[in-house]
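Q: Chain residues, written in single-letter form:
Protein chains: 2
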Amino acid sequence: MLIIGIDPGSRRIGYGLIEKTACKINLITAGILRIKAKNDPSALVETKNHFLALIKKYRPTVLAIEKLYFAKNQKTAMAVAESRGVIIFLAKESGLIVREFSPSVVKAGITGYGSADKKAVAKMVKIILNQPELQVIDDVSDALAAAILASQKVFSS
Amino acid sequence: MLIIGIDPGSRRIGYGLIEKTACKINLITAGILRIKAKNDPSALVETKNHFLALIKKYRPTVLAIEKLYFAKNQKTAMAVAESRGVIIFLAKESGLIVREFSPSVVKAGITGYGSADKKAVAKMVKIILNQPELQVIDDVSDALAAAILASQKVFSS
Chain Y
178 MLIIGIDPGS RRIGYGLIEK TACKINLITA GILRIKAKND PSALVETKNH
228 FLALIKKYRP TVLAIEKLYF AKNQKTAMAV AESRGVIIFL AKESGLIVRE
278 FSPSVVKAGI TGYGSADKKA VAKMVKIILN QPELQVIDDV SDALAAAILA
328 SQKVFSS
Chain B
178 MLIIGIDPGS RRIGYGLIEK TACKINLITA GILRIKAKND PSALVETKNH
228 FLALIKKYRP TVLAIEKLYF AKNQKTAMAV AESRGVIIFL AKESGLIVRE
278 FSPSVVKAGI TGYGSADKKA VAKMVKIILN QPELQVIDDV SDALAAAILA
328 SQKVFSS
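As given, the protein sequences belong to chains Y and B, one line each in that order. For this note's numbering, add 177 to where a residue sits in the first sequence, where the first one is 1. For this note's numbering, add 177 to where a residue sits in the second sequence, where the first one is 1.
None of these hints come from the bench; they were simulated from the model. Among these hints, one or two may not hold up.
The list cannot tell twin chains apart, which means a pair is met if one copy fits it or any two copies do.
[Claimed, not checked] Taking lysine-lysine and the DSBU-like style, the derived pairs with C-alpha atoms no more than 30 Å apart in a straight line are:
hint: 1; residue 1: Lys215; residue 2: Lys300
hint: 2; residue 1: Lys201; residue 2: Lys213
hint: 3; residue 1: Lys330; residue 2: Lys213
hint: 4; residue 1: Lys330; residue 2: Lys215
hint: 5; residue 1: Lys303; residue 2: Lys244
hint: 6; residue 1: Lys215; residue 2: Lys233
hint: 7; residue 1: Lys201; residue 2: Lys215
hint: 8; residue 1: Lys252; residue 2: Lys330
hint: 9; residue 1: Lys213; residue 2: Lys244
hint: 10; residue 1: Lys296; residue 2: Lys197
hint: 11; residue 1: Lys234; residue 2: Lys330
One chain only, chain Y, in its complex shape (with noise of 0.2 Å):
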C-alpha cells in the first residue's frame, strides 16, 4: 500500500510517498511542489496539476494530511487553507482514502511527544524510514511524518 503524505502551503507544498510492506515502510520519493503562479486563482489550479501528476505517477491508497490551526497570519492562513481544500478534495475524488490528524497528534505518533519540534520529528522520520543521508527540509518532513502515521492507522484499524 502507498501513502502519500502532504504538507499544505500556498506557494510551496511538501509531499512524502511511502510504501508500507508486511514488515517495514520504505521511503519512494519525497520533495517540494513549487507554485509559481502570482495569483491566487492560478496558484490553485497549478497546485492540482502538480498533485494529480503525482497522484496519476505513483496511484497512492491514501492521503495523509495536518489539519491546520492558525493564529499568526490570517491571509497566509486563508490561502493555506484554500489550497488543503483543493488537495483533499482532488483526493477524495480521485478515490484515496483521506486521514487527517492534528499536528500534535503526528508529533506524538513520530517521536512520543505532541510538543516535539521540526528537528525531532524530522530525526524520527530518518530514523523510521532508514534513511539517514536523506536531506529532510521543513515541509517534506512533515509530510513524511503524517503518511508514517497514517500507515500505522490504516493497519492498525
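Let chain Y serve as the given structure and place chain B on it in line with the hints.
A: What follows is chain B alone, placed relative to chain Y:
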C-alpha cells in the same frame, strides 16, 4: 454577461446569478446550496457537484466572491476557506474570470458605507435588482452583492 456571486461556507453556500445588460442588471436566480455530507472531504466533493451543476446550467462569465477574514472560530474558518478554495479553483479551471473583494469593499460598493450591516446590504440588493419582494437571507444577499459589485467593476475596467 452573466455573473455568479458566491458566499462560501462549509455546509451552506449562498449563490446569486445576475445578468448585466447595456443599461441594467437583472436577477436570474439565487439561493442556497446545502451540503449534506457529514465529513469535510465528502463535503468538498459535494460542493464541487453543486457548483459545477450551476456553472453548466447558466454558463456565467465571472465569479464574484468575498475574501475571508476571520477571528472567532478558527475551525469553522478553515472549513470555509477550504470550500472557497475548491470553488475558486473550479471557476478558474472552467474559464471564468475570478473577482475577489474584501467584505468592506462589497459593502461600500453596494451601500456607500464599508461598515454597513447585513440589513442595509440586503435592502440595496433588492433596490438595485428591482426586486422588492425578493426574500434575501444573509448568504444570498452577500452573494448577490458581490455579483453586483463585479458587474460594475468588470464594465468600468
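Q: Compare the structure with each hint and give your call.
A: Here's how the hints hold up against the structure:
| no. | hint | in the structure |
| --- | --- | --- |
| 1 | Lys215 x Lys300 | neither (34 Å within a copy, 37 Å between copies) |
| 2 | Lys201 x Lys213 | neither (36 Å within a copy, 39 Å between copies) |
| 3 | Lys330 x Lys213 | between (34 Å within a copy, 27 Å between copies) |
| 4 | Lys330 x Lys215 | between (38 Å within a copy, 21 Å between copies) |
| 5 | Lys303 x Lys244 | within (23 Å within a copy, 40 Å between copies) |
| 6 | Lys215 x Lys233 | both (26 Å within a copy, 28 Å between copies) |
| 7 | Lys201 x Lys215 | neither (41 Å within a copy, 34 Å between copies) |
| 8 | Lys252 x Lys330 | between (33 Å within a copy, 23 Å between copies) |
| 9 | Lys213 x Lys244 | both (24 Å within a copy, 21 Å between copies) |
| 10 | Lys296 x Lys197 | within (24 Å within a copy, 56 Å between copies) |
| 11 | Lys234 x Lys330 | within (24 Å within a copy, 42 Å between copies) |
Of the numbered hints listed earlier, those contradicted by the structure are 1, 2 and 7.
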